[in-house]
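Protein chains: 4
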Amino acid sequence: MVVRAAVVGATGYAGAELVRILSGHPRAKLSMITSRQHAGTTFSDIYPALAGVVNLSCQTFSPETVSEAADVVFTALPHKASMAVVPGLIDRGKKVIDLSADFRFKDPALYEAWYEPHQAKDLLQSAVYGLPEIYSNEIQKASLVGNPGCYPTSVLLPLLSLVKAPFVDLGNIVADSKSGTSGAGRSVSLATHFCEVNEGVRAYKVAEHRHNPEMDEVLSLVAGRTIHITFTPHLVPMTRGMLTTVYVGLKGSVSTQEVASYLGSFFANKPFVRICPPGRFPDTRHVKGTNYCDIGLKVTERTRRLIIVSAIDNLVKGASGQAVQNMNIMFGFPETAGLDQVPFPL
Amino acid sequence: MVVRAAVVGATGYAGAELVRILSGHPRAKLSMITSRQHAGTTFSDIYPALAGVVNLSCQTFSPETVSEAADVVFTALPHKASMAVVPGLIDRGKKVIDLSADFRFKDPALYEAWYEPHQAKDLLQSAVYGLPEIYSNEIQKASLVGNPGCYPTSVLLPLLSLVKAPFVDLGNIVADSKSGTSGAGRSVSLATHFCEVNEGVRAYKVAEHRHNPEMDEVLSLVAGRTIHITFTPHLVPMTRGMLTTVYVGLKGSVSTQEVASYLGSFFANKPFVRICPPGRFPDTRHVKGTNYCDIGLKVTERTRRLIIVSAIDNLVKGASGQAVQNMNIMFGFPETAGLDQVPFPL
Amino acid sequence: MVVRAAVVGATGYAGAELVRILSGHPRAKLSMITSRQHAGTTFSDIYPALAGVVNLSCQTFSPETVSEAADVVFTALPHKASMAVVPGLIDRGKKVIDLSADFRFKDPALYEAWYEPHQAKDLLQSAVYGLPEIYSNEIQKASLVGNPGCYPTSVLLPLLSLVKAPFVDLGNIVADSKSGTSGAGRSVSLATHFCEVNEGVRAYKVAEHRHNPEMDEVLSLVAGRTIHITFTPHLVPMTRGMLTTVYVGLKGSVSTQEVASYLGSFFANKPFVRICPPGRFPDTRHVKGTNYCDIGLKVTERTRRLIIVSAIDNLVKGASGQAVQNMNIMFGFPETAGLDQVPFPL
Amino acid sequence: MVVRAAVVGATGYAGAELVRILSGHPRAKLSMITSRQHAGTTFSDIYPALAGVVNLSCQTFSPETVSEAADVVFTALPHKASMAVVPGLIDRGKKVIDLSADFRFKDPALYEAWYEPHQAKDLLQSAVYGLPEIYSNEIQKASLVGNPGCYPTSVLLPLLSLVKAPFVDLGNIVADSKSGTSGAGRSVSLATHFCEVNEGVRAYKVAEHRHNPEMDEVLSLVAGRTIHITFTPHLVPMTRGMLTTVYVGLKGSVSTQEVASYLGSFFANKPFVRICPPGRFPDTRHVKGTNYCDIGLKVTERTRRLIIVSAIDNLVKGASGQAVQNMNIMFGFPETAGLDQVPFPL
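Protein chains in written order, with this note's numbering: chain A, 650 to 995; chain B, 650 to 995; chain C, 650 to 995; chain D, 650 to 995.
These aren't lab readings, by the way, just hints derived from the structure by calculation.
Among the hints, a few may not be true.
Pairs involving identical chains hold if they fit within one copy or between any two copies, as the list cannot separate such chains.
In silico lysine-lysine, DSBU-like type, Cα no more than 30 angstroms apart, as pairs [unchecked claim]:
#1 Lys854 with Lys919
#2 Lys678 with Lys919
#3 Lys813 with Lys900
#4 Lys790 with Lys678
#5 Lys813 with Lys743
#6 Lys770 with Lys729
#7 Lys743 with Lys755
#8 Lys900 with Lys729
#9 Lys743 with Lys919
#10 Lys854 with Lys743
#11 Lys743 with Lys770
#12 Lys854 with Lys678
#13 Lys854 with Lys790
#14 Lys919 with Lys813
#15 Lys729 with Lys813
#16 Lys790 with Lys813
#17 Lys790 with Lys900
#18 Lys919 with Lys729
#19 Lys678 with Lys900
#20 Lys770 with Lys900
#21 Lys790 with Lys729
Could you put the whole structure together from the sequences, leaning on the hints where they help?
Now the structure itself:
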């Protein structure tokens with residue numbers, strides 16, 4: 650079986666990355682792409698890298714035409730725009746994987762506190778948070794998946810296996826993330842102008858980033874108690890990649906090796922999580938272009954903390970690769986289908 | 650049919666890139682890798698990006714064991730080291746694709762003038778220069794392929810279709826190349842120390858680079874007359890990619906469109922050459938990780954010159970991808986087998 | 650004596666660089682800065698690097714207030730905007746150094762062919778092209794200086810000493826330039842969005858760049874005959890720096906050493922030109938933040954060409970540093986005043 | 650008065666940066682430079698950026714000749730090498746500013762636990778830790794200054810004003826640092842090979858970096874109680890700059906504004922510390938090439954933590970600039986002498 654897939658909002662970076670992955674997917678056929686801004690334009694005129702490979706032109710979105718053309722729809726739109734189009738697709742019986750923030754929250758009040766009034770609240774309860782390493786069963790049956798943010802993915806993967814561990818102090822968690830610039834998207838701005846990023850590192854939205862409540866909600870749901878973590882994102886002069894260093898207070902005595910085993914068991918059958926051997930830590934270069942999340946860790950006795958470092962490609966496991974992983978699960982394909990890119994050695 | 654392939658010198662950048670490509674090749678099985686420096690070490694301990702994907706360990710090279718393990722051998726060694734091992738493989742009936750300079754020259758004197766005494770001169774005549782866009786027929790029948798240098802590939806592809814064109818002044822050619830730093834290999838040196846490369850551009854080996862006689866010999870052979878071109882390589886602060894700007898004197902009147910047609914015809918059935926539409930020029934970002942060579946061009950009446958710009962990934966079309974393309978041709982596989990990486994939009 | 654200097658258009662990159670240099674100038678006092686877009690804003694709110702150092706706020710431009718506040722005015726505006734404001738300053742007896750293209754051309758028709766109708770043609774004849782290494786005498790007496798473009802500076806400095814040399818074929822010159830991204834200015838655009846520049850090299854405006862006729866006119870005036878050169882600019886993933894490789898046909902026999910002597914004599918008393926010793930070529934890293942132009946060269950007998958490589962910081966010698974050098978000459982200050990920045994070793 | 654200054658170990662990055670700063674210092678004359686590796690070589694042959702500016706050649710070190718040539722000696726050697734040469738200079742009555750770790754610790758056992766046996770323990774008590782923002786009085790009278798490490802400088806400056814603040818939980822401090830690659834020095838290694846750094850971020854020496862006990866000792870001494878902080882350094886693909894994000898637990902209620910005032914008072918007369926206005930955070934680009942430390946902060950009620958971000962140029966305030974600042978204090982010069990570089994806007 651081959652599913653027909655549409656990408657709504659195909660010309661942003663996450664959309665284009667979906668186009669790339671779906672173009673090489675053995676079980677999916679990219680049947681339609683849409684773009685408000687570039688309707689009528691050939692995709693490869695916008696992304697010349699794909700000349701000769703992707704021959705589609707951008708269409709104008711309408712729920713009818715997209716629903717007719719596709720079995721599954723990836724909506725890669727800004728938040729707010731997504732909630733305007735998703736209901737019309739769900740109504741027409743389509744499976745939808747939404748890459749915006751609009752369907753990531755269970756609690757509409759939390760969404761509204763950080764974003765804006767929600768226009769499709771009724772879908773929030775049935776929407777599934779698309780982190781396959783924990784919600785695989787739910788994703789399998791879902792019609793609508795809210796694909797996680799890049800920062801939450803990089804924070805949650807190292808933490809989720811630990812929220813029930815007896816040695817962890819859930820009240821004392823800091824996550825410090827370093828992101829490549831593609832995470833800011835394709836819209837031009839002074840903040841992402843080459844000369845304003847190159848040769849510099851900076852923090853931004855300190856303790857105010859919208860991905861913070863997203864992490865908190867998922868962690869709290871999994872832990873069964875309210876958790877707030879301290880989160881600071883940073884911008885790094887590179888295109889792809891996200892490294893997150895998580896600092897967790899320890900309550901009891903535990904060794905690096907014991908925590909590594911804990912994680913190792915948790916992720917035993919998860920094809921995209923690689924636990925680094927003791928003494929090695931991840932590098933975003935090692936996951937570039939892939940759907941992997943590499944994780945390394947160390948317990949420090951001196952301050953009784955566990956330090957976990959995770960690395961993902963923000964556009965793949967942090968966005969479009971994870972979305973395709975969700976599609977694979979929803980349609981019963983092998984979880985790695987279309988995502989078995991051999992990693993680049995450099 | 651699946652061929653068993655060995656990579657001799659697997660831990661340099663070109664070798665590692667061969668490992669990457671062969672690991673995803675539908676018709677080849679990577680059966681052995683060797684490394685003098687890292688014998689006994691698991692490949693993914695050297696290149697953690699490939700953890701969980703490549704499970705081979707590096708072996709010590711011997712002609713016997715390699716010949717036993719493989720049908721085709723890629724030798725990715727420094728020049729001089731290659732000519733020491735290739736004869737032993739050829740003697741054992743193996744197909745060999747050599748990525749060093751040792752088997753690129755027809756004229757041993759030219760090789761020796763720029764390199765050093767040649768130890769396997771008798772193989773030079775039967776060795777085929779592995780640029781499939783011109784020597785496809787010869788490669789098909791070859792036992793030994795001398796895989797082109799990265800600079801020659803980027804210079805020859807735009808020029809080869811033109812050497813017989815009546816409007817071109819072969820006595821007046823300048824090639825100005827800009828290379829990413831991976832071209833310098835994995836051996837550490839001050840010249841490739843991060844802080845000595847980052848945020849700078851420089852020329853090096855001006856009119857003295859060893860790839861210059863290689864280009865000249867091939868051009869001369871194809872043209873049927875002696876050609877010398879002026880060539881300057883430059884180092885650019887990026888990892889992968891090579892852009893070459895070629896300036897060709899014009900003898901008669903010709904338009905940009907006519908030259909574009911000329912190239913278009915020449916490369917009509919060549920799957921890895923993409924001619925940019927008029928007014929667009931290549932960007933190394935568009936070919937990164939792929940075997941493509943993108944070519945753009947313009948005729949300027951004011952100075953009666955043709956300017957052609959080519960872009961390749963120096964590690965793929967400039968080295969390991971081209972080597973696999975040669976293997977495909979030698980074994981009758983589709984030319985694009987294992988090389989159909991969907992390009993990254995960014 | 651201390652002159653009062655104003656910068657009109659202080660918030661673009663060239664303007665900000667003028668603010669930096671003038672803030673440390675021993676003979677100038679930065680007395681006023683203007684910005685249409687940022688009027689009323691403190692300069693250091695726009696450029697936080699200068700917090701605590703530059704305490705001026707941006708003013709709205711008017712010829713009266715600027716003329717009252719300053720003895721010399723640097724206009725760092727887009728072309729067209731400059732010619733609208735410069736006459737009002739000249740009329741009020743101010744010395745003006747204009748960083749746009751508006752006063753660089755002697756021939757209004759040439760300007761109009763590449764730019765647009767000129768509104769202040771009467772000033773073109775008295776305006777002096779601000780390349781101090783050749784026009785020092787004229788600059789000394791000038792009221793209005795047209796500060797050269799960055800590309801012309803990098804091309805003209807290596808060429809100007811040679812236009813009267815008997816061994817040079819002026820009909821056969823190619824200039825291939827590689828520029829850092831700051832040359833594109835501070836206005837945001839997709840072409841200078843971080844992810845569209847990083848890890849890539851590309852040519853642009855091939856044989857169509859507006860700096861080409863500027864070079865040609867100056868070269869022709871100095872040579873006393875019409876010269877057209879072939880010029881291709883390239884964009885490189887770094888912030889500052891410009892490397893230009895010039896290829897000049899040779900008519901007679903000449904050695905690298907002889908050409909080096911030729912250049913050495915020409916630039917004997919020019920404090921900002923450094924000729925590299927034989928065998929060494931410039932690196933843009935070596936001139937970053939300084940007003941130097943480093944030049945290296947080589948004669949290649951094989952193709953009878955002279956290859957000259959020049960390196961400048963496009964924002965300093967290619968723009969604002971050269972403008973201050975011009976001011977120094979106009980006011981009889983030491984040519985290096987305010988420009989004696991010790992270069993950074995890395 | 651002008652002091653004669655020598656730099657021992659002038660060809661490493663910290664040494665070269667000392668050469669740069671001292672070459673432009675109004676009260677110091679760079680009288681001698683030494684280098685074991687490059688003895689006899691002209692400095693500008695090693696660092697061509699300084700051609701025409703620094704005309705010294707590297708000498709071989711001997712305590713006699715250096716002491717004869719200089720009033721103050723900067724030793725920019727690897728640890729262990731420093732303690733071998735410093736006593737001979739102190740014995741000859743020289744003022745010494747040592748940039749290695751050898752004289753930073755009060756407790757020899759702590760040094761020996763993290764480094765190696767100490768050969769000059771008797772000097773440890775009189776040596777002063779060269780962080781002028783707290784030890785200015787002691788530095789004034791010191792003969793020997795142990796210049797702080799780059800990471801400790803970036804961590805201590807934001808923390809030192811707070812160790813006696815009632816609202817701070819000294820038992821709960823995390824420091825997450827991001828460093829440019831020049832911090833690793835000029836010695837080549839695979840870890841600092843261009844292609845192994847570019848386009849990647851990674852953590853290293855997690856909770857094991859030798860700068861950790863240095864921070865802990867100084868914090869403990871200032872606080873009057875034992876403090877251990879959790880510290881992780883990261884490598885970022887840029888040349889210069891260090892950003893440190895410090896997470897401090899809060900005990901009582903305090904606002905961002907109150908903490909800002911606290912820091913503002915503490916650093917009131919410190920010329921090199923700039924506190925960012927509320928809502929703004931530092932960027933390493935803003936301090937590049939300068940001796941500034943920019944600090945921004947925010948209190949987050951949700952997790953009751955204070956987040957402080959500091960930015961320095963690791964080679965200036967993190968090494969050579971701070972060393973010159975110490976010299977200025979030792980000799981009664983204005984603290985900013987030779988360090989008043991106008992910052993680059995980009």
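Alpha-carbon proximity between Lys790 and Lys900, which holds within one copy, between copies, both or neither at 30 angstroms: This pair counts as neither: shortest intra-copy Cα distance 38 angstroms, inter-copy 46 angstroms.
Intra- versus inter-copy proximity for Lys755 and Lys743 (alpha-carbon distance at most 30 angstroms): For Lys743 and Lys755, only the intra-copy Cα distance (21 angstroms) is at most 30 angstroms; the inter-copy one is 62 angstroms.
Alpha-carbon proximity context of Lys919 and Lys813, limit 30 angstroms: within (19 angstroms within a copy, 48 angstroms between copies)
Go through the copies and call it for Lys854 and Lys790: within, between, both or neither, with a Cα cutoff of 30 angstroms. neither (36 angstroms within a copy, 44 angstroms between copies)
Are the CA atoms of Lys854 and Lys919 at most 30 angstroms apart within a copy, between copies, both, or neither? between (32 angstroms within a copy, 28 angstroms between copies)
Check Lys770 against Lys900 for me: Cα-Cα at most 30 angstroms, and say if that holds within a copy, between copies, both or neither. Intra 39 angstroms, inter 39 angstroms, cutoff 30 angstroms: neither.
Go through the copies and call it for Lys790 and Lys678: within, between, both or neither, with a Cα cutoff of 30 angstroms. Classified as within: same-chain Cα gap 21 angstroms, cross-chain 38 angstroms, threshold 30 angstroms.
Within a copy, between copies, both or neither: where do Lys770 and Lys729 come within 30 angstroms Cα-Cα? Intra 12 angstroms, inter 53 angstroms, cutoff 30 angstroms: intra-copy only.
For Lys729 and Lys813, with the copy left unspecified, which applies at a CA distance of at most 30 angstroms: within, between, both, or neither? neither (34 angstroms within a copy, 47 angstroms between copies)
Homomeric proximity label, Lys790 with Lys729: Cα distance no greater than 30 angstroms: within (25 angstroms within a copy, 61 angstroms between copies)
Which holds for Lys813 with Lys900 at a C-alpha limit of 30 angstroms: within a copy, between copies, both or neither? Result: close both inside a copy and across copies, 12 angstroms intra and 27 angstroms inter.
Which holds for Lys854 with Lys743 at a C-alpha limit of 30 angstroms: within a copy, between copies, both or neither? Classified as neither; 36 angstroms inside a copy, 46 angstroms across copies.
Violated hints, in rising order: 5, 8, 10, 12, 13, 15, 17, 18, 19 and 20; the structure is consistent with all others.
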